[in-house]
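Novice: These protein sequence lines are chains C and B, in that order. Take 1 as the starting number for the first sequence in full-length UniProt numbering and just add one per residue. Take 1 as the starting number for the second sequence in full-length UniProt numbering and just add one per residue.
Hints in this document: simulated from the structure, not taken from any laboratory. Among the hints, a few may not be true.
Said to hold, decoys possible - Here are the simulated DSS-like pairs of lysine-lysine, each with C-alpha atoms no more than 25 Å apart in a straight line:
| id | chain 1 | residue 1 | chain 2 | residue 2 |
| --- | --- | --- | --- | --- |
| 1 | B | Lys273 | C | Lys340 |
| 2 | C | Lys346 | C | Lys283 |
| 3 | C | Lys368 | B | Lys223 |
| 4 | B | Lys355 | C | Lys340 |
| 5 | B | Lys59 | B | Lys149 |
| 6 | B | Lys59 | B | Lys95 |
| 7 | C | Lys346 | B | Lys273 |
| 8 | B | Lys344 | C | Lys340 |
| 9 | B | Lys99 | C | Lys368 |
| 10 | C | Lys368 | B | Lys149 |
| 11 | B | Lys344 | C | Lys506 |
Treat the numbers as computed from the prediction; the structure is a model and nothing was measured.
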Amino acid sequence: MSFPTSTVAWSQYPMQPPAYTSVPARTTLPRPAPPPPATPAPATPQKVEWSPAVRAYVSRAFDAENAIAGISQAEMTEKLRAIISSFAERDALDAVDWPNHPLPQEILRAERAAAKSLHPQVYQHSALMTSPNELANPPFDTPQSKKRKSQDKDELQARPAEASIPPWRRTNLEDRITYSNAHNDKRHKKNALFGDTASKLDQADLEKRKQRFQLPKSGNKSTPPWSSPRHDSDSDMSTAPVIGTNQSLEKSYFRLTAPPKAETVRPLHVLEKSLAMLTKKWKAEKNYNYICNQFKSLRQDLTVQHIKNAFTVKVYEIHARVALEKGDLGEYNQCQTQLKALYSQKLGGNPAEFTAYRILYFVYTCNKTDMNDLLAELTPADKTHPWIKHALNVRSALALGNYHKFFRLYLDAQNMGGYLMDMFIERERLHALANISRAYTNVAQRFLTDELGFENDDACREFLDSHGAQHIIDEKVDEQGARQFRVKVREGAAVFESLRAAAFSKVDIKGQI
Amino acid sequence: MNMQEALAPFQDAYATGSAQAVADFLSPDPPSRDPGRLYDFWRASNEDKIEGDVRYAFKYGRTSGMSPGEATAWLDIVVCYWRAVDKILKADQAKNQGKLSDRQLMDVYDAWKDITSNFIKYISNGTLPHWTVFTLYFTANNLRKFAIKADEQLAKAKPVAFSAGFQDDVVSAVKKSEKLEEAARVFNRIFALCLGDRTPDMMQSRKWGVYCIANLQFKTYFKLKAISLSKNVVRSIEAQNDLPAFHLYPASHRVTYKYYLGVISFLQEDYTKAESCLTEALNLCYAKSVKNKELILTYLIPCRLITQHTVPTAELLNEFPHLKRLFGGLVSSIRKGDLSGFDKALAEGEPEFVKRRVFLTLERSRDIALRNLLRKVFLAEGWEDLKEGQTEKDRIRKSRIPTAHFVAALRIGTAGAGSGQVVEDDEVECLMANMIYKGLMKGYISREHGMVVLNKKGAFPGTGV
Chain C
1 MSFPTSTVAW SQYPMQPPAY TSVPARTTLP RPAPPPPATP APATPQKVEW
51 SPAVRAYVSR AFDAENAIAG ISQAEMTEKL RAIISSFAER DALDAVDWPN
101 HPLPQEILRA ERAAAKSLHP QVYQHSALMT SPNELANPPF DTPQSKKRKS
151 QDKDELQARP AEASIPPWRR TNLEDRITYS NAHNDKRHKK NALFGDTASK
201 LDQADLEKRK QRFQLPKSGN KSTPPWSSPR HDSDSDMSTA PVIGTNQSLE
251 KSYFRLTAPP KAETVRPLHV LEKSLAMLTK KWKAEKNYNY ICNQFKSLRQ
301 DLTVQHIKNA FTVKVYEIHA RVALEKGDLG EYNQCQTQLK ALYSQKLGGN
351 PAEFTAYRIL YFVYTCNKTD MNDLLAELTP ADKTHPWIKH ALNVRSALAL
401 GNYHKFFRLY LDAQNMGGYL MDMFIERERL HALANISRAY TNVAQRFLTD
451 ELGFENDDAC REFLDSHGAQ HIIDEKVDEQ GARQFRVKVR EGAAVFESLR
501 AAAFSKVDIK GQI
Chain B
1 MNMQEALAPF QDAYATGSAQ AVADFLSPDP PSRDPGRLYD FWRASNEDKI
51 EGDVRYAFKY GRTSGMSPGE ATAWLDIVVC YWRAVDKILK ADQAKNQGKL
101 SDRQLMDVYD AWKDITSNFI KYISNGTLPH WTVFTLYFTA NNLRKFAIKA
151 DEQLAKAKPV AFSAGFQDDV VSAVKKSEKL EEAARVFNRI FALCLGDRTP
201 DMMQSRKWGV YCIANLQFKT YFKLKAISLS KNVVRSIEAQ NDLPAFHLYP
251 ASHRVTYKYY LGVISFLQED YTKAESCLTE ALNLCYAKSV KNKELILTYL
301 IPCRLITQHT VPTAELLNEF PHLKRLFGGL VSSIRKGDLS GFDKALAEGE
351 PEFVKRRVFL TLERSRDIAL RNLLRKVFLA EGWEDLKEGQ TEKDRIRKSR
401 IPTAHFVAAL RIGTAGAGSG QVVEDDEVEC LMANMIYKGL MKGYISREHG
451 MVVLNKKGAF PGTGV
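With the rest of the complex left out, here is chain C (with noise of 0.2 Å):
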């Protein structure tokens, strides 16, 4: 029963901590004095100091009498990447006896001969849960292990109480072992990491070839995900909900290819004030691009801490209306579906305001399909809520060609109505313009400033300027001497019919088809 590990202090940490244990961001050097069992190298996280313990590892790596066949030196050297940098992204560098730990090439062979002998399931799961202890032993028993037994008696002992042991604490046993949920690993606290955008993407590039070097071995069979048939999502380990550590209120949102990391992922608590901060920076900056890559990140980290709830809601619902400001509606469109799925557990929000919008989304892209499911969605109270009935009218107001109907509802547009209103309004004023022009022969300018909701002639003017319309306006003077345009609007009929339907041809919305 050897269990090889180094010197982590199993007793100095608390027993497992509470899910959302708010710590306090550091700005120091902490830590509880962990064993040193090397001189602890200068916590700088830009330019890192190797310390002479962890050269030496490096150079004992690279040595050619420890070189094992069939481990060629690349492998190695991305293994010892993998090492060294995931110690030192949880600032445990120091907290490793280097000088006894194996060397990457063993634990390549290690792992090989793990994968080989055992079904990866099972494999996985007694790596987790039971012991340990078979899977890595050959490449261990080098005369340095031996230090390390004793040890590994206190932390098997100390196992059993464990109910889910925090993998943070077998520090380098997951190192030698890989599986799928990395996520779950790593419940250090990390440091002081964040300002540094740089150090941090080298992380993340690290950190991404690491885990495409263990994936295939885990959890699912080592098919590659594509051509793996959907697996049930409860079966996938992967799934299971982190628990987050971090303390930022800022984050950048990263496309996740990998199972996240708990200190990357903020707990709930920290993303309410997040959300409070992030308000409040729209209101005064109004700048979308920061805003938008913000609310995606905090969606994230609800998302991989399976966080669905009241605030959920309510992130999803600022994001929506903020893209709808901005007129972002792929964005919008994404989150909408979200709020759909939101609604119906019940979870509070404003389902009225946001059906609503839902229809008129679906008024601007044209699409019958999803206005019939809508429509069949709709129960009679929601029929009879002035904002669902307002966009009602506006959609049955366009589908019988009642452009007047439809021009006064703009004027009248509820909530955030009117920022979705305006993406169709320009193709709506086309198509009444067209009709116009087939029933009329000529019209008074004020006459379509009117019909046409436009705030006033001029905004009218410029309208059917950019509509090449200009040639088509005449100035009269009335006998009280008062000016007057008329539009022979039966003239642009051609040019106008030919805009509209250009209008209508392409709904170019982002992330859609």
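Position chain B relative to chain C; hints supplied.
Specialist: For chain B alone, kept in the frame of chain C given last:
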């Protein structure tokens, strides 16, 4: 009963070479004349012995001139069938005792999928004769039903799915019909199996199964609300130029195919194509299958409202009481030009119309009701006085009509104030502009004079005036 006896009906069915007869044997429901059949069949063996029993029965029972290879294929299929029956009976029993577990309908589905897969396997490698694709059709149709049931149960068991994988958003794309989607993929394989058959002898070809499998796919895609996928099926059929002539296929395949093609075009708002497909389906449809004709007419009637501005005759509606209930109110309002009656009928029928996906189309026929109302105003205006030298023959209707008259007509038609309906003058003008734009009325509006000037000839095209 031993397995040999239990398989006798199969041997009989097989000997007839009828796909339907074999499918009847492999049915998940016992025939009404023999309600205990499934149970008897199940009793004839057990999980441990089933393979041996069936093999023995095939070997020593009545042989129907099957090759050994083919016998193996049927052996596999019958064994799968026995297992499926096992699951079905267990699920039935559990259901009767009110303790149907989450797993059981899934088990039934999986077992049935095995039968289907075996059929596909043995048909595609040529072990089973070509006519068995129709037996496979029945099997697949049952698979569809089991998939729907399994999905219903899945939805009940875990109504909300968390996002799987590394998605950014809380709720993953709605996957309510996992099993039916899987079944749809199975059907796709069957479709390819039929379409891609290269047997030169058309009489031996699986190509005869193309339309009936396509119909099964349509049905599935409609249920899945993934109607757009149907287009792929249509496209592959249209691209395949070596299919037997369409009119040689059984009428039932043709009617259903044309019906779906019509509905798909209808939903894409290609009403001309929809009309021709649906008309063809209606003409081909078996005279006595009222329900099918009703289904076809459910789409054909709205279609004709759009393409030809015509309403169904009273005789037609009388023939189909269901349709009369559905469309009667609308049709009579359109005829009378009664806008508020139209709005009321449309609102009352909305749930059913929306369900059938005809609501948005029917809504557009309000134009015709309006046209009829405006036409009435035109008729009420009467005739121009005769000028010198003109005779009664030259008499023409008054074509310059004050806008106010139309406004008055619409106000009467929409039950006055408080109904929340059209009242504003400009709105009436707007609606008339629409009529003109859409070609339902010929003429123009003169705002200065508050007049509508209609064409002297054919002011309302297609209505005789």
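Novice: Each of the hints needs a verdict: does it hold here or not?
Specialist: These are the hints, each one checked on the structure:
Using a Cα cut-off of 25 Å, the hinted pair B:Lys273 and C:Lys340 is violated, with the two alpha carbons roughly 35 Å apart. A hinted pair counts as satisfied when its Cα atoms are at most 25 Å apart, and C:Lys346 with C:Lys283 does not qualify at roughly 29 Å. Only pairs whose Cα atoms come within 25 Å are accepted, and C:Lys368 paired with B:Lys223 is accepted, the gap being roughly 17 Å. For the hint pairing B:Lys355 with C:Lys340, the CA-to-CA distance comes to about 20 Å; that is within 25 Å, so the pair holds.
For the hint linking B:Lys59 to B:Lys149, the alpha-carbon distance of about 37 Å lies beyond 25 Å, and the restraint is violated. Distance restraint check for B:Lys59 and B:Lys95: the Cα-Cα separation of roughly 37 Å exceeds the 25 Å cut-off, and the hinted pair is therefore not satisfied. Of the supplied pair hints, the one linking C:Lys346 and B:Lys273 is violated, its CA atoms being roughly 43 Å apart against a limit of 25 Å. At most 25 Å may separate the alpha-carbon atoms for a hinted pair to count; B:Lys344 and C:Lys340 exceed this at roughly 30 Å.
Proposed proximity of B:Lys99 and C:Lys368 is contradicted: the alpha carbons are some 42 Å apart, above 25 Å. For the hint linking C:Lys368 to B:Lys149, the alpha-carbon distance of about 29 Å lies beyond 25 Å, and the restraint is violated. Proposed proximity of B:Lys344 and C:Lys506 is contradicted: the alpha carbons are some 34 Å apart, above 25 Å.
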